[in-house]
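Enquirer: In short: position in the sequence shown from 1, add 69, done, that's the numbering used here.
In case anyone wonders, no lab produced these hints; they're calculated from the structure. C-beta atoms are modelled at their ideal positions from N, C-alpha and C, and glycine is treated no differently. Where hints are given, some of them may not hold.
In the PhoX-like style, the derived pairs of lysine-lysine whose C-alpha atoms are separated by at most 25 Å in a straight line are [stated by the list, open to error]: (1) 222 / 119; (2) 229 / 175; (3) 113 / 222; (4) 225 / 175; (5) 175 / 113; (6) 175 / 163.
Here are the computed distance ranges between Cβ atoms for each label pair [stated by the list, open to error]: (7) 120 / 156: 21 to 31 Å; (8) 196 / 174: 40 to 50 Å; (9) 125 / 216: 39 to 49 Å; (10) 200 / 154: 33 to 43 Å.
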Amino acid sequence: MLRSFMMAVGLCVSLVACSTPNPKKTISWAYGSGSNIDSFCTTKATFYHKGEILFSYPGGGCNAGAPYKYIIDRKYYWAGGGGLPTDGAPIPDKASIEMVSFYDRKRYRIKVDLPANLAQQMRQRYQIGEHIDQRSWLYFGLAPGGYYEVLLKGDKLLVKPDLLLA
Numbered sequence: 070m071l072r073s074f075m076m077a078v079g080l081c082v083s084l085v086a087c088s089t090p091n092p093k094k095t096i097s098w099a100y101g102s103g104s105n106i107d108s109f110c111t112t113k114a115t116f117y118h119k120g121e122i123l124f125s126y127p128g129g130g131c132n133a134g135a136p137y138k139y140i141i142d143r144k145y146y147w148a149g150g151g152g153l154p155t156d157g158a159p160i161p162d163k164a165s166i167e168m169v170s171f172y173d174r175k176r177y178r179i180k181v182d183l184p185a186n187l188a189q190q191m192r193q194r195y196q197i198g199e200h201i202d203q204r205s206w207l208y209f210g211l212a213p214g215g216y217y218e219v220l221l222k223g224d225k226l227l228v229k230p231d232l233l234l235a
């Protein structure tokens, strides 16, 4: 009798352990910057959460935009790279990115208030074929003349379309 009771208690404990949700406290997110037609350098990236600086890094990568053949053929898309790791950082609510446009020969500062539900958007997971993806990559794109877009892109670039945030 005691043996049956112990087995039942063990089974109940294991079922409770398996059924308890294990939500992630932090969301893994990343950022990047790029251009569609311009050569550029990202000179500073600063992210804020509730008025406090999460992190800021001076300097960064330089990159060319889309390949010249694509530009001639008018096949524009955002091309660039990723930023520094954001491991464990909370989701930002504001961002400031400084980029130098070699086409315009100007420095631009993109300041943007990010959506209040950004964390919820980043948590959303999508089944794409056999893969699971989520939009957790903030991407800052700069075009000649100072036009910019802030996109929320798929982690593995499987989720389409990208979401326009600003």
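Enquirer: All hints, please: hold or fail.
Expert: Results for each hint:
no.	hint	result
1	222 / 119	23 Å, holds
2	229 / 175	32 Å, violated
3	113 / 222	21 Å, holds
4	225 / 175	32 Å, violated
5	175 / 113	14 Å, holds
6	175 / 163	23 Å, holds
7	120 / 156: 21 to 31 Å	22 Å, holds
8	196 / 174: 40 to 50 Å	46 Å, holds
9	125 / 216: 39 to 49 Å	24 Å, violated
10	200 / 154: 33 to 43 Å	22 Å, violated
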